[in-house]
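The listed protein sequences correspond, in order, to chains A and B.
Take UniProt numbering: the final residue in the first sequence is number 102, and no numbers are missing along the way.
Take UniProt numbering: the final residue in the second sequence is number 833, and no numbers are missing along the way.
If you are wondering where the hints come from, they were derived from the structure by calculation, not from laboratory data.
Ideal placement from N, C-alpha and C gives every residue a C-beta, glycine not left out.
Hints may contain errors.
[Claimed, not checked] Cβ-to-Cβ under 8 Å is the rule here; a few derived chain B residues that face chain A: (1) Arg283; (2) Ile292; (3) Ala293; (4) Phe322.
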Amino acid sequence: MKTMIGTPLVRLIAGFVIWAVGFVVLYAVQALGCAYGWGDWHRPVLIGLYLLALIPLIWLAMPARAGAEDGPLHMAALWANRAALVAAILVFLPTTFASLCI
Amino acid sequence: MSRPSSPLGLHKQLDAIWRTPPGLARLSSVNHTILGKRFMALALLFFAIGGLLSMLIRAQLATPNSAFIGPELYNQIFTMHGTVMMFLFAIPMFEGFAIYMLPKLLGARDLAFPRLTAYGFWCYLFGGSILIVAMLAGVAPDGGWFMYTPLSSKPYTPGINADVWLLGITFVEISAVTAAVEIFVTILKMRAPGMALTRMPLFAWYMLVTAGMMIIGFPPLILGSILLEMERAFDLPFFDPTRGGDPLLWQHLFWLFGHPEVYIIFLPGAGALTTIIPVFAQRPILGYRAIIAAIVAMAFLSFGLWVHHMFTVGIPHLALAFFSAASALVAIPTAVQIFAWIGTLASGRPRWDIPMLYVAGFFVVFVIGGLTGVMLAMVPFNTQAHDSHFVVAHLHYVLVGGFVFPMLAAIYYWLPHISGRQSLYRLSVPAFWLILIGFNLTFFLMHLTGLMGMPRRISTYPSNWGWDWLNLLSSVGGFILTMGFALVLADMVLQFRFGARFRRDPWRAGTLEWATATPPPSYNFASIPHIETRADQLLPAHIGPTLAGGNGYLGFARNGVQETLAVDMMSGAAEQLIVLPRRSFLPLWTALATASFFLALLFKLYWLAPFGALATLVLFLFWPLSLGARTDRGPLDIGRGLAVPPDVEAPDNVTVLANRTALVMNGTLFASLLFGGLFLLVVAPNWQGTSGPILPLWAGALALVTSLSAAGLTVVAGRNPGATMRLRVSLLATLLMQILAMALLTLAMSALGDPTGHARQAVAFVTLGYAVLHCGLGAVIAAHALWRHAQGYVSARRRTELALARLWNGYAGGVVILALGLVALLSMSGSAP
């Protein structure tokens, strides 16, 4: 199982795993904020989480360092991670404008 | 080891080891070729049943004010049509296809766990039979294929109709989860040497991702079914809003499975297309890497849009926006694949044959379904079209376009592999046109009736609403479609009877399955190839005779055992020699014991159900008796100058990987339970002013300590398996600790108060029950390791049992932590005003 750690197979799903975690966290925080009446803090918390989720995704979407492993799966992983970044930007964007609890 | 002098001699030796004898012994078959065919044949039988039901639906709706079927029977018919097509046709069909095809495509002699394949098949057969027998008895499920609560709750469905669905489908889903684990492990570990992941055919990539989706996607449905059945049987109010439950919890759990399910069904079809199109375009697939990225994107995005089935239930705009955006976005990775296929055809030298007719039909039908999917992803449109026939049209365009058309292409492409004969063609072309025309006539018009306001699931309608002629034409189209399918069936029968024989690779394909003889022998490959290029650009007609002559790996029979190879997951380097179990009646007996458990629950014989569960567990403990080794053998010759150790002497073997995978699946089920508890706590009505469960702190803390100690002791046991006394004491202590943890948690459960009084107590009760069960499993697996050690199956090299004890007891420890955390949270949240 050691061979899996740090391999392109993990990198292949890394971006979308982060996207999925971000999605679940944002959906949960949206529900919690409405249930417990977070008021004015609710949207800033959501936007903060949105931006937080983008940080690792931006890092994963950058081209690999010189000398890093190259190959077909590496390229597929890079494109999957870029897709995850775009998906996060678009899907999480409504945190900035949509009504939170109505 | 015996090396015969001729290919025929080798065939005879291997066939004597791998074959399934005729007569009753067929019931003991564990061979993937036989079981794959059985899965597909049974799935096609259920497809025919589902098709007949659809004919009844269309006959009823052909004219207004129809008295053909009363509303009660109609409810059963449309529920069973959806249920049969989704659970008894589509999923098992692609499972059977993958079970038959994957080892051949990857260069293995069978799947990783042949007896599990057989067990899955029997569960499918028995579970499916429960549903069909119930339908014939007039007590079929009648609440729609997604069984929404409260309609499916006891007060509104007092008979056993809903129980038939919940228990029958859960029984059938055992075959899906076992297949998912098998497919996942087989693809990662049992490829031909040299077939690195980056050389794997795209069909295997599709199935790898599909299996991963099944591992995460099916547990929420299984959990939902368990909870709803517990509500119906024991009055635990998970979905009853008057006692702190919420019907929306069912919808969340169902669609957490239900939407990814659409993609779980589509991806194998897309995998078949990706294999077939390059063969007929006569060029390699375009965008191999882009397709891998697109499959991964699609898999994840498909989990982020389950709420688009719930847009009209009253959800805040922000949540609607999340799911609407994800629903629209998933069209992009789908489009990447479609453009890759079109580009492959456009840049190749396409030749037309029957499979290509269905590929063309797929493009037309699926793209229409995809576009209406984007329309339905938009909240305002969705609100208007919700529960109308527009949705019926959309889902049929997606599912028939995305699965049935590719499967028909696959049948025409791969049936010669099964039959050893080529298609006759005379019926194939008219069958295609009948299906294409009949399908579009039936379902395109439903877009219009839907937009004109016709709701789903109505048994009749008045004649003055303008739906009459559209419905009549839809019904005519339905019968044309059925005639097309009947011709396909006749075509298949005729191919087996009169088709011309051929030797190998009639399509000039590039994948390894065509390197076997056709029909394939019981062992697939007389020797296993070494792959040096991408495995969708091979020359099967050239490779086949070489392998049949024994010039690959394992080109010999050794000790009368079934041998195949395991490889490194990434590089594909040969790593281990796997000895697969031979045919056995154990899977059948185990499935019968499992059936007794489900039937006892169905007929409310609750005293009998634990015996069924116990019998199943005991029979499973018999499974490893014929496996393993009592001596260390070290590296063994596998041919081509290589030697590798037996998999029982390797720490990362398929058994360990399968158990890790099963634990991920199990963990998803537990996570769904935690989600359910938290969802009710935060969202459900009638929680204010009620008292929470009282968790006896000392019992919880002690259970936590004992369970975590048990997990720690399995680590100690595994550190030095040569130290016999320390190992045995550690495992014995693990067993005792877990039994103590079970007792303490049971005590805590009994102190929670009446679990039927409020959802809070019910959730706490079930969560702790789950923890008790897993402490029990940890104890059983530790005891099993102890017993195997006493029998001589465990050594410093052979430590699989110890790894399993560590995994399951570690998991149990984690479960106890989280279960107690949730119950503590539920306890604290009780008395808010």
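Was the hint right that Phe322(B) lines chain A, CB cutoff 8 Å?
Phe322(B) check passes; min Cβ-Cβ to chain A is 6 Å, inside 8 Å.
Hint Ile292(B) vs chain A: min CB-CB distance below 8 Å? Since chain A brings a Cβ to about 4 Å from Ile292(B), closer than 8 Å, the hint holds.
Exercise. Given Arg283(B) as an interface hint, is the shortest Cβ-Cβ distance to chain A below 8 Å?
Worked result: 18 Å, violated
Per-residue hint verdict: Ala293(B), partner chain A, C-beta under 8 Å: 4 Å, holds
In summary, the one numbered hint that this structure violates is 1.
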